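The hints should help you fit chain B onto chain A, whose structure is shown.
Chain by chain, the residues run as shown.
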Amino acid sequence: AQSVAQPEDQVNVAEGNPLTVKCTYSVSGNPYLFWYVQYPNRGLQFLLKYITGDNLVKGSYGFEAEFNKSQTSFHLKKPSALVSDSALYFCAVSGAAGNKLTFGGGTRVLVKP
Amino acid sequence: DTAVSQTPKYLVTQMGNDKSIKCEQNLGHDTMYWYKQDSKKFLKIMFSYNNKELIINETVPNRFSPKSPDKAHLNLHINSLELGDSAVYFCASSQVKAGQNTEAFFGQGTRLTVV
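Just so you know, the sequences run in chain order A and B. Counting from 1, position 62 in the first sequence corresponds to residue 519 in the working numbering; the numbering is continuous, with no gaps. Counting from 1, position 61 in the second sequence corresponds to residue 224 in the working numbering; the numbering is continuous, with no gaps.
Bound conformation, chain A alone (with noise of 0.2 Å):
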């Protein structure tokens, strides 16, 4: 069975400071590895993917997650966050073996001006 843990409910962030949502994952072999951002009553909207290759992966709106296979971990970052990034946040997972992704219960994002 796959599974993704997102282990804070809620990330708190002045806006120009750093932003780090985390994300830890179990899967069967070569994971696939997704993040979302969903905006209230709106829909999911892809930000990035782990696929193989750099274990820094870049994505929209200047967002940037690391792979790390040891801690089983890819954190979502922004060097410099903006109010307009408060949202919520979705890890996903997806093994080689099929095509089910199954995501993280979410991390709600705010940025205080």
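Calculated from the structure, these hints are not laboratory results. Nothing here was measured: the structure is a model prediction, and the numbers come from that model. Hints may contain errors.
Calculated cross-link-like contacts (lysine-lysine; reagent style BS3-like; alpha-carbon spacing at most 27 Å) [as the list claims (entries may be wrong)]:
id	chain 1	residue 1	chain 2	residue 2
1	B	K199	B	K172
2	A	K479	B	K199
3	B	K185	B	K230
4	B	K230	B	K207
5	A	K479	B	K203
6	B	K172	B	K215
7	A	K506	B	K182
8	A	K534	B	K207
9	A	K557	B	K204
10	B	K203	A	K534
11	B	K230	B	K182
12	B	K207	A	K479
13	A	K534	A	K569
14	A	K506	B	K207
15	A	K534	B	K204
16	A	K515	A	K557
17	A	K479	B	K204
18	B	K230	B	K199
19	B	K185	A	K526
20	A	K557	B	K203
21	B	K204	A	K515
This is chain B only, laid out in the frame that chain A set:
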């Protein structure tokens, strides 16, 4: 130009009724999904279809019946609606390329409220 579109956006209905949610994708993807997001925002897969064939059914009550008339459409029919079915239902699609899973694209969601 919407990549994954689902209708209706809002659905309010009484217990015991039967309702359908429609989903269409114009991305040419071969795989479509239904996800349920509960009141705590937790997302869980319900079904997955690949080229019109059911490949994932995640212990969903058989009151829920997906139907895929072609690979661009995946509809969800729900019989005998219960209060606990109230949630936001998301349709999504993706493409498997060279044995790898690409990112899924999601619709805007259908907020189902059973009263």
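Out of the numbered hints, which ones does the structure contradict? As far as the earlier hints go, 7, 19 are violated by this structure, in ascending order.
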